[in-house]
Each structure stands twice: as C-alpha cells, then as structure tokens.
Amino acid sequence: MHQYAVEATNLSKTYNGHAAVDNISLAVREAEIFGILGPNGAGKTTLIDMLVGLKRPTAGEIRIMDLTLRASPIEIKKRIGHVYADMAFFPHLTAVQNLSFFGRFYNRNARQLKSRISELLEFVGLPAEAKKRVGVFSHGMKQRLGFARALINDPRIVFLDEATSGIDVRGTRAIRNLVYDLRAQGRAIVIASHELAEIELVCDRIALLDEGKLLVVGSPDDVKAGAGGMLYKYRVHVPYAISEGASFGAEVSFLGDSNILVASEDLSHHLREQFGEGFVDTLKPTLEDVFLWHVGEKER
Amino acid sequence: MKPATRVFRASFRESLCSPRSAIIALLIVAVTIAGCTEMLSRQSGHMSAVDEQTSAEESSRASVYPLTPGTAHAQIWDAINYRYFRSAPMFGGPLLPMRYAAVWMGFFLPILALLLTFDSVSADLESGRLKMLQTAPAWPRAVLLARVAGRIGAAGVALALGLAASLVVVGRLTLFAWTSTQLLRIALFLLFVLAYMLVFSLVGVLASALARYSARALRVSVIIVVSVFGIHLLLENLASLVPLDTPQPPEMSSHVRHVLTSAERLGTRGVVGIDDEVAAYRDSLEEHSEIVYEAVRRRYQQERWLNLVSPSHWLVEVSSQLLQDEYRVITDVFRGMPFGYHDGNALPTLRFLILEIAWALVCLTGLTVAVSRVLLKLEV
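Keeping their order, the protein sequence lines are chains S and A.
Counting in the working numbering, the first sequence runs from 343 upward without gaps.
Counting in the working numbering, the second sequence runs from 79 upward without gaps.
The hints are simulated quantities; they were obtained by calculation from the structure and are not laboratory data.
Keep in mind that a hint or two might mislead.
Claimed, not checked - With a straight-line cut-off of 30 Å between C-alpha atoms, the simulated DSSO-like cross-links for lysine-lysine are: (1) A:Lys455 <-> S:Lys397; (2) A:Lys80 <-> A:Lys455; (3) S:Lys420 <-> A:Lys80; (4) S:Lys473 <-> S:Lys555; (5) A:Lys80 <-> S:Lys473; (6) S:Lys474 <-> A:Lys80; (7) S:Lys397 <-> S:Lys473; (8) S:Lys626 <-> S:Lys397; (9) A:Lys80 <-> S:Lys555; (10) S:Lys474 <-> S:Lys456; (11) S:Lys420 <-> A:Lys455; (12) A:Lys455 <-> S:Lys555; (13) A:Lys455 <-> S:Lys456; (14) S:Lys397 <-> S:Lys420.
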C-alpha cells in the first residue's frame, strides 16, 4: 500500500512568463475519486498533462505510487491510464484493432490481449461495436472506448480530463458508473472538470483551481460548508429590498436575483434586524456558490 | 518491439494507405512521363535538324554564313547552331529522358513534399492523436519523432513506387532494356530524388510544428513554395538577363554579298573557288563565332555557379551527371536553345557535382537539426 497514489509538490508550469500552474501541492489517496474543479483556463488540463507525463513541469516534483516522474516516466506510464475530452483513435481501424495497437505497448501476448480487449469492451458497454471502424463511432462511444484504452494496461490510477464533456445524460451516467466500478476495484481516479454537479456527485475530495492557483481542497461537504466556515448564504423575502450598493460591513456577492446573497461573514443578525425575523432564510451554500465565490462570475 | 517502433510502423502504414500517397505516386508517374515525352520530342526535333543539315551540306547549299545582316543575336545563334550540329551528339542514352523528368521534378517535388507534410505535426496536435500516442509508455519525444518519420517514410515509398512504375512505362515507350549499370544509375538518381524530397518534407514538418495549426502551416508552405520557385527561376535566368559581351559580327561588303549570293543561287557555294576577300570574310566570321562561343561558354559557367545556391537546381545538376549514360548530354545554355557539348564544359563537372552534393548535405543536416530541435521542444 502506497501512502499516496499521486503526490504533487510545489508544481508550476510557466509559458512565456505566464504561470499556467502556480506552485500547486496536492495528494490523492488510493481508491479515492479526486476532482479538480476550475473555470476555463484555470490550469486543470495543464496540471493533468503534467501528472501523466505529457508536459514537463517548470518546477516541482510529481510522485506516482512512490516513483518520481522525472526519474521513471516510462514505468509510471505503465501504471496509469488517461482519458481526455476528444480521444483521437485511428478512424480507419476497428475498436479491437485500435485497442490492440495500444495494448501491444504493454508487452502483453496476443492471447492475453485478446481476452483483455473483449473484457474491456464488455466493461465499457461496446461489445457489439468491437469490429466496427472507430470513424463511425459517436463522441460518447469514442469516450467509452477511450476508457477501454486507458484501462488496457490495468492501471492503478486513472486520470479523466473533461472525459464527459459533450456526452449526453445516458453516456455521462454510464461513465459515472464506470468510475464507481474503478474505485471499487481500489484504483485512484483523478477527474478534472468544470461540471460542478457531476464532480459534487462523484468525488470524494475536490480541489478548486483558478488562474493556476489552488484555492481550496477538501471533501465537497467541507468545501460547501463555506470553505471552512467562510461562506454564508441568505435569501431575503422582501422584493428588491437590498441592492448591490448596500453596505453590509462584509464582502457580499448576489446570486441570480438580488434577494439571494452570499457573504464572507455571518450576516444573519444584521439582516434579521434590518428585514425582520420571518423574512430572512439562512441557506446552505452549494458547490456552485463556493465555486463562483472563489472564481468570480466573470466569463472567461 | 519498442513503442516508438510501433508508432513508426503504424504511422507509416496509415500514411502509405492514405489517398494522398496514391495521388503522389500517380503525379510522379505523370511528371516522369511528361519529362520523358518532352525529351523524346526534342530528340526527334534534333534528328530532323541533323538530317536537314546533313542533306544541305551534301548538296553544298548549307546556309552556313549569314547572308542577311540581322541582329547580332541571330548571327550568334547561327554560329552556335553550326558548331552544335557538327560537334554535339544527337542522341542521349536510354536514361537521358529521365534528366528532363528531373527538371520537372525540381518544380513538382517541393509542392508534393509540402502537401504531404504541412500538417504532419499540426493535424495530430489539433485532433489530439499525438496526445493519445504519447500516453504510450515511451519517451514522448521518441513517439513524436517516430510519428513524423513514419509519415515521411511513407511519402518516400510512394515516391519510389511512382518512379519505379514510370520507369517501366518509359522502358516501354523507348523500347530500351535496362542494363545493370543503368539500373545502378537509376538507383542513385532515385536516392537523390528522395534526398531532394526529404529536404522539402523537413521544411514542411518544420512549418507544421512551428505553426501548430494546419491552416497556418498551409499558408506558410505556400509562401515557401512560391519563394523557392521564385529563387529558382530568378537564378536560372539571371545570367541570360545580362547582355552577352560579344563584338558585332564583321560587316559584309557588297562584293562578298554579291559573290555569296551568286554562289547560293547557282548552288555552288563551298565548291567554286572564292577570292581572297570572300575567304577573309569567311575567316573573320569563323573567328567571330569562336569569340561568341567563348562568351556563351563563360556565361554558361557563371550560370552554373549562380545556380549552385538555387534550392532546386542541384537535383537537376546531379541528375544530369547521373543520367548521361554512355552518351554525352545536350545542355541548354539559354532557355530553349540547344548547345553542343564541349570538353571545356566537362572540366568543372566533378567539382560542381561535389559542391552540389555538399550543398544538399548541408541543407539536409541543417534541416534535420532544426526539425529535431523543434520537435524535441514541442509539447501537446
């Protein structure tokens, strides 16, 4: 048993002086589903690409199952699987041919490979498409085949980078079930996404990233509990009673309409005094509230 | 088998089976046959000219001396043709037509090579295929290099297959049976064609890797092709744009004109005795043609030196040397004008050949280093 499946220490990646990932440290345990959340351009993909050895960090160290990526990149690649947004297979080859092309990289003999491929196609729900050319596959089918490719080497850690983007509800659910199955098998899963509901539903712990920086890490409940008791949410039942210009003596953000607000300090007393006891509800902040509170509502 | 080798094989097979490779092979066949047909028609033209000249000389009515005071150029060409028909061989060997194919290839291969490789890296980057391949347990750089090498290798094989097919067709056209020496020469020629294509393939890969997007890489490739052709055409024509430094041909006196015109009319020119004045005129014309010849030869050499820096001339030059076969090659001095082989031209041949090969090697080495450096730094 390893202490951590994935361990990143002071990881940075700089492009032309701009830090895409800025001094991030995190650790993922075995049999854990770990989510990396962040808006577009937050550095999620760069972080995942560094963790799987596709990009070289400008600074910092990565350890995968006690091996350092710098010293043993090929050995590490044998132990991990990677699924990303647009899996690009050879379109003129069938699903089986594509999988066997990648499967041969891992020194499996033909019989082992054949049995592993049919097992995986069953696992991802594509046994009927085994002999179809990948060029005719839908996006969802390609993503599921991507899962099969990522698992061909029986990895202990699977990295999913926006793996469900562009997939319909049924496909998303199928992939979610695959992720649960993988965890049940004791594998660590790292998911990078901006789909809050999915992450909240699936992950044991999440890390929130923005502009390359790690803002908060914890279980979804911990993070929702106001990132350690730092976020409060209220609804005021007096139409247009408060406005963005109002002063509360604390940092406040309005959500949706101007009667729902989140604040960095407990304002319950202040609001009840102002609007009356029955007109103010204290709400539980959602992950979206926490997310927007941290990253702001500005579109990227 | 190592993952990089597998990637190379897969990329090679994938590229070779693509429609692009088939198009390349067909284009090469077309270009080679077009070049050979051009040469065969030229040969046939020369043969007719020789027949005409020979029969004219036999009947002693050859228009050897310019009777009409035309431009200096017209007289120069008359003089050159006169020498040409007497000194130049009329037939090339069976390989000679390939030399003309090489001239055509000098223009077509850069286009083909760039068309094949302009998206060799960018397409994989855009589609995410490169990322997929780099998840294999191998050094990402090795995978990338193997991928590019596989695509270039497939282009080379498509080219070689096209050339082989066209040689069969040319063999049928000319009814020549290849000897082992000729086959060796063809093999060497093929090697140089592949090297030439490799130069432009590497340029295409470089453009693709630096541009990162296929649309941008295509624009860059078009600019490269236009520049290469521009430089090639400019250098090829630069020498002939400079006025030829030759004196005017000697003036023909009314007496000489009268004698020669009468002789022409009677069909006795060259047979009847001529007086001293006409003989002196004939000698001065011979002398003049010698000066013209030297001037033309000098310009020809200057042109060769200039062409050394042309990106596509070395293929033509090296091919010319390789495809001379047992016959002497007919060389163009000015565009479209035949010029006789002269021993004076043969002297710097080896030196030129070495320089051309050295230039090609410098290009190949420089580009290989540049491409490797760019690819090694490339991240998905």
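The hints, checked one at a time:
A threshold of 30 Å between alpha carbons decides the hint, and for A:Lys455 with S:Lys397 the separation of about 10 Å falls inside it, so the pair holds. For the given pair, A:Lys80 sits about 22 Å from A:Lys455 by alpha-carbon distance, which is consistent with the 30 Å threshold. At roughly 13 Å between alpha-carbon atoms, S:Lys420 and A:Lys80 fall within 30 Å of each other, so this suggested pair holds. Restraint check for S:Lys473 and S:Lys555: not satisfied, since their Cα atoms lie roughly 45 Å apart, outside the 30 Å limit.
Simply put, A:Lys80 and S:Lys473 have alpha-carbon atoms about 26 Å apart, close enough for the 30 Å limit, and the pair holds. A hinted pair counts as satisfied when its Cα atoms are at most 30 Å apart, and S:Lys474 with A:Lys80 qualifies at roughly 27 Å. The straight-line distance between the Cα atoms of S:Lys397 and S:Lys473 is roughly 34 Å, outside the 30 Å bound, and the hint therefore fails. Simply put, S:Lys626 and S:Lys397 have alpha-carbon atoms about 39 Å apart, too far for the 30 Å limit, and the pair is violated.
For the hint pairing A:Lys80 with S:Lys555, the CA-to-CA distance comes to about 38 Å; that exceeds 30 Å, so the pair is violated. Taking the CA atoms of S:Lys474 and S:Lys456, the gap is about 16 Å. The hint holds against a cut of 30 Å. Taking the CA atoms of S:Lys420 and A:Lys455, the gap is near 23 Å; set against the 30 Å cutoff, the hint holds. About 25 Å separates the Cα atoms of A:Lys455 and S:Lys555, which keeps this hinted pair within 30 Å; it holds.
At most 30 Å may separate the alpha-carbon atoms for a hinted pair to count; A:Lys455 and S:Lys456 exceed this at roughly 36 Å. Restraint check for S:Lys397 and S:Lys420: satisfied, since their Cα atoms lie roughly 17 Å apart, inside the 30 Å limit.
Hint compliance for this structure: hints 4, 7, 8, 9 and 13 are not met, and every other hint is.
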